[in-house]
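Got chain Z; can you put chains G, Y, A and U with the ligands on it based on the hints?
Protein chains in written order, with my numbering: chain Z, 641 to 930; chain G, 2 to 270; chain Y, 3 to 295; chain A, 95 to 441; chain U, -19 to 343.
Calculated directly from the structure, the hints in this document are not laboratory data.
Some hints here could point you the wrong way.
Reference listing, derived: stretches of chain U covered by chain A, where coverage requires no fewer than 3 residues with Cβ under 8 Å from a Cβ of chain A [said to hold, decoys possible]: (1) 55 to 67; (2) 130 to 139.
Residues of chain G clear of chain Z, computed beta-carbon distances all greater than 12 Å [what the hints assert, rightly or not]: (3) Ile77; (4) Pro125; (5) Ala207; (6) Arg233.
Note that the Cβ used here is the ideal one computed from N, Cα and C, for glycine as well.
In case you want the letters, here they are:
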Amino acid sequence: MTAPGETGAARLEVEGLSLSFGGLKALRGVSFSAEPGSITALIGPNGAGKTSMFNCISGFYKPQQGSVRFDGRDVTRMHPPERAGLGFARTFQNIALFRGMTVLDNIKLGRHAHMKTGLLQALAYWGSAQREEMELRAEIERRIIDFLEIDHIRNMPVASLSYGLQKRVELARALAMRPRILLLDEPVAGMNREETEDMARFILDVKEEWGTTILMVEHDMGMVMDISDHVVVLNFGEVIASGLPHEVQADPHVTEAYLGSGDPAALMARLKGEAGGKASAERETREDVA
Amino acid sequence: MAADILLDINNIEVVYNKTVQVLRGLSLSVGRGKIVTLLGSNGAGKSTTLKAVSNLLALENGAVTAGAIRFDGDDISRLTPHALVRRGLFHVMEGRRIFEDLTVEENLTAATFALSGRGLKPTPFDLVYQYFPRLYERRNGRAGYLSGGEQQMLAIGRALIAQPSLILLDEPSLGLSPVLVEEIFTIIASINRDLGVSMLLVEQNAAVAFAVAHYGYIMETGKIVLDGPTERLVKDDDVREFYLGASGSEGTKSYRDIKHYKRRKRWLS
Amino acid sequence: MSDLLFFIEVTLAGLGSGALLSLTALAFVLIYKATRVINLAVGELLMLGGYLFFAFAAGLGLPAWAAIPLAIAGGGLVGAVVERGLIRPMLGESPIAVFMVTIGLGSILVGLVELVWGTDPRALPAFMGNAPIFIGEAYVSRKIAIAFAVAAVVIAVFLALFRFWRGGVALRATATDQAAAYSCGINVPGVFSLAWVIGCGTAAGAGVLLGSIGGISPSMGVFGLSALVVVIVGGLDSVAGALVGGLVIGLIEAWAGTYLGGEYKLVTTFGLLLVALMIRPYGLFGTTEIERL
Amino acid sequence: MQIGTAKHSYQADEALLTTRPQRVWMALFALSLCIAPFVLDNYWLYLACLVAINVASATGLNILTGYTGLVSLGQAAFMAVGAYTVGWMQLNLGTPFLLNLVVGGLVAAAVGILVGIPSLRVKGLYLAIATIAASFILHFIFVNWQSVTNGNSGLTLTPASFFGTPLTEYQQLYFVFVPITALMVLGAANLFRTRVGRAFIAIRDRDISAEVLGISLLRYKLTSFAISSFYAGVSGGMWAYFFRVVTPESFPFVYSIFFLAAIIVGGMGTILGGILGAVFMTLVPELLRFGIDWLTPVLPNAAAMLSPVRTVVFGLLIVGFLIFEPKGLAEIVQRSRRYFHLWPFKK
Amino acid sequence: ADDIVIGGSIPLTGVFAFAGVGIEAGMQDYIKIVNEAGGIQGRKLRLAYEDTGYKVDASVAVFNKLTSQDEIHLYYGDSTGFAKTINGEIDRRGSMIMAGASFATELNDPKTFPHQFMAGPDYSEMTGILLEYIAKEKPGARIVLVNSDTEFGRDPIAATKARASELGLEVVEEIITPPTAVDVSTEVLKLRRARPDYTIFHGYVLAPLPEFMSQAKQLGLETKFMGTFWSMDSSIWAKVGEAADGFMGVMPYRYYYDEADNAPMMDRIREMRPEYQSTPYMQGFLTAMLFTEAAKRTLEAGKELNGANLKAALNSIENFDTGGIIGVPISIPGNSIPVGRIYRYDASAQQMKPASDWISVQE
Ligand SMILES: Nc1ncnc2c1ncn2[C@@H]1O[C@H](COP(=O)(O)OP(=O)(O)OP(=O)(O)O)[C@@H](O)[C@H]1O
Ligand SMILES: Nc1ncnc2c1ncn2[C@@H]1O[C@H](COP(=O)(O)OP(=O)(O)OP(=O)(O)O)[C@@H](O)[C@H]1O
Ligand SMILES: [Mg+2]
Ligand SMILES: [Mg+2]
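For reference, chain Z alone in the conformation it holds in the complex (with noise of 0.2 Å):
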């Protein structure tokens, strides 16, 4: 549990972490770390290990080697909710809502480890566990829902909600959560432009008016570029770039493993101008580019 006092942004280093799945190698000795109040972006090609960082970070997956600090404190054997207790807070890459309960549910159920009501507490629901949830409820109406914008859906079952929704509540549920660190696994996938300038937004206010440390993995370059303090690109577990977001984009390496040419008018005029030619061919001539 944290102790009062404890709040405010942290800082979070990883140090030569590795991790692996039977003869797969997910991480190798990955080291970056994020300051505190700042949005540092996670990023990389399908299946380098992004997800398998997070889940390293908020304790899911127990790494073979190296660790995770927490405003200098070692937490890589600590277990999930103990982490959640210190202030680790995270959104999921496949929305993991929980879809029998109602939006509020789902946003109260992220203050848990923050609250103090034991099980006798409960079954009276009397005194202190009263004003518990009472003041729960008060703080998300106030900081939270306001915030976000989802007064309207308050009530409503999380599973009736489209999907833009839907990782809004994500968002809601890991603010609940007293966030110090607050992990973002693609927050805007499966976005249309007009949604992803709404969460960015909130992205940006959640950093600036609570200042909490964001860690984010996303594919969309136009905002992780636009958005982010500091870029850190795994590829095959490992780090091969960082540094501020121009000076990544610049990188040879990341283009290649990673960027693309990254940019659709220049796709479009490819895939337009050639009538024939094989997609291997294609690669070949990105390649020449690079």
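The following block gives chains G, Y, A and U with the ligands in isolation, referenced to the frame of chain Z:
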């Protein structure tokens, strides 16, 4: 009906759970050998449209309550989903939907059922591995452990095995890295070009969708609100703002500069 | 008589009854493999098989070679009807819900059998002969030996089928994701029906064997519970698991029953089941569920 | 700050009964519970007590299976643990019966925790089978732990006594059982207004993500087992005082299935569902008895059909509800409530 | 005057239906006989019963339903579990006596069960009768006990062993079978190893006895198989066929086809029912007869019909002639009638033939 129209959706309405109406008189068509893209915001009903075509709605308690869908000139509303597949209409579903418990290779084997009764030569798996070498490396591993992108490759690979004449593609770029998006769309384009397969492509990534599509539809709450050849659509101001992220005549706007208010879409008024 | 010979005889008897368990377990596995349904009514279908055989052989006076296939076909037919009427409407519901449907089905079957044939236990017409079999000096009950042989053949056939036949993939694909299976051109309702028909037919066949050993009664369905233990130990989706699990449980029951006493049979197997589950939560040969975030 | 539909206070928003009609109906229901023992004959009082016992246990199972998603087929065995504990205390210690009930619940809870341990590794239906195994092992213990359980013959209890009055008549027992059950149901309802209940639901919906969100699976799965078997234990204790004989065969495996069926028919994962299901499944077989009574003049053999017909009806109810009304009786009630809207208390 | 009502929780369906159906018929027939003779002091007898499916809770429900519909002083219960469960209630009401289908040794205790009785020997007395017979036929015989792992099955084990050693018989093996056992090959192997002269089954109705016997025959075992009352009905064994030949057991009543001279009631039964009636029928018939006798004696003494009076009247029965249902005059000093006879099944005649005279184990 013109012979060069492969899929024709005419004025269909779809209702879920006998209560929620999702499509309200939607019409579109896919020409033979063409890639047609269908865009729209979340919840507009794009996936529903595809499921209506492939007759998979019933599995989710949905039903087409009005209108007609013709594939290759025939009314297909009474065909079972697998019979439809065996006629050459393949649906790559949203969220990949690979068989997690099966190996990569078994996933491809499963797709060979699409060839039943069509007298076609079985597709060599090598064709798939040629397009997606990563799958070859992991062909004996359980598909559930593939990363998101690898799973998407497998889903498209299954479509290749089935040798369809029309592929319905639901958000193939979802969760893929930029380079892979390009790669997959390049492959999509070349499948279309080389094998002559028609496609109905649902996408959120409008830029790449426009890059491969010949024609586009834009839908909003269950209806088509705008359509036209790609060249024309990409010049539309609203399309540029809401789907391509361009602000007015200048280039792409930065996410950092987003205002806290929004302009209404013209087609909603 | 030497202790060793006695031990060997007990072991053989255990293997024999284990084979019956394997056969019944196979009915669970076939249905589970294709539909992800644990069919708790397998025990009752087995009972029904016994009664159908009784009806054909004792009621209509048919010879065993005709009555047995008819009983198996009858079981298969019931499987088809059940699949069509009860299971298909449940497509997409939670596994617990479908599991409960099969519990309900079991209850319905017991009630119907009681209404038609009453509750008295009955003996089946003998068709296996009486002469005891001796392996070396060791005695084996003839019925048990026959049951063993039948079970071995049937299970071998299914093992081969799943190894070399493309349909095995269709079965498992359907089980994993019905919509996706449809979209690959797999005849999902066909697979469902097939699995239920074969599964229930197998159960009915096992019922004939079991009934000819111990007689039939509406409560003989509890045998299904022992077979369920077998599939849990072996792995719900593994034919090989059913085989190995059945033999293991059969042996343990025989040894426990002999050396500890009959009252220890059930506890020993159930205790073992718990231990097995703690070590291998998906059984010895079962497929682990993929859990990713 | 809020506009339009805003509630006056979150307090009102989070209350168990939010509308006036709900409160009025509840008051009427409570009133009829009070009047019932004075108007019902012995037979119906007997059934009312049995219903109270079953409601308590079904509510417990609903917490475990309906809300936490851990399927258990061991509820009857946990009741047996409670019943034996109560019986043993009554016979050997002579402690007050309320204390016995609580201890019965606690012992059952402890056993429940033990049985729940596999749930940390074993999932879904595999777990259901593990609970079957556990209940057979418990049965073995009841038969063989002679010194405590008196083996196959079981324990024969003296009546419970309440401030010196022995509770022998159904009417007296009713006055004890119904309030106890009501309290337990209220406790269950409260649970789901707090973090504990939310944690259960989260585990049901997706346990691994719940863990990452700060819910200790170890703690909450076992807690759920503990509460559920506590309810079973208390219910079993009441059962013991009700029938006054506890043998290993008093709580057969089908009784566990009965509870699972009850919460399915009533509606999994709703408090109302547990109650309705237990009431319905307890009373339907008895109502069939009256059906047979009416049939007897036409069908002389009808009496001999009762039990198979009951068996069939039991199965049909489960199957029918799952196919046609998977959310159970509770959903039917909700729907008719929506239908009648606020009738007859229109504002 | 009002009817005298006999209440009944009777298992017309379920695992014990074969017994319930016979019991009901037997009781109805005797009631008819009494009513045709003018009833008891002009009051007609009536049976009010319902099916229980042989489930304790259902039996209790039936009890409560019937007793709230009628004033009941005589009750027939269907199982040991029910007899024990309802005992407290019967004592509390003090208005009735109860008998039933259970011969559990435990119930044969007037102190704990003051208002109950059984129309025959309890299970321990039954095995006692078997042992008497064995001791006479083959002194020092080797015996194996086979019991099902249920309350019913385990009931007489301790008493049987004690009695056997008193009689100089040797219990060489005890086999407990799980209640649902079908395949008994391992048990038969144990039996073969023990090489007993007699094998006594208790706790079964039929299965798995036939399989036991046929496997033993295949193995050439010489042992004689014996059972207790509930597995003694000849119509069940008729279905088993040849393998049943030679099965022996203890039976407290005469068989339907027993044409003894001094048995007017047997003639009467055959007159009322031209077809075979089962052993449970006899049990029901005799129970109704004893109910009637108790009620008659109570009313004749001018006493109120209540539990204590009825039980006292019942216990006053001495050297009572059952009309040949039981071959010797009976007395009921406590809760049981410890009399029985050994019968042996003759497969060719499909009948149980007497193998001994009536044996009483009354102290
Ligand atoms: N539980 C697991 N068991 C086996 N292999 C796994 C497991 N989880 C992940 N992997 C493998 O580890 C590698 C990294 O997977 P991960 O999900 O971290 O990729 P990612 O970078 O998040 O990719 P994407 O952008 O596609 O989501 C992949 O090859 C994947 O197949
Ligand atoms: N099985 C279902 N039952 C009820 N409503 C559904 C179901 N599936 C979809 N809907 C509703 O239908 C509407 C359209 O959904 P659909 O999935 O077709 O949208 P979409 O355009 O594909 O969105 P996205 O871009 O998020 O994939 C949504 O409002 C959704 O809530
Ligand atoms: Mg990922
Ligand atoms: Mg969609």
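Requested in this report: Taking the numbered hints from earlier one at a time, note which ones the structure violates and give those numbers from smallest to largest.
Outcome: Hint check: 5 fails alone, others pass.
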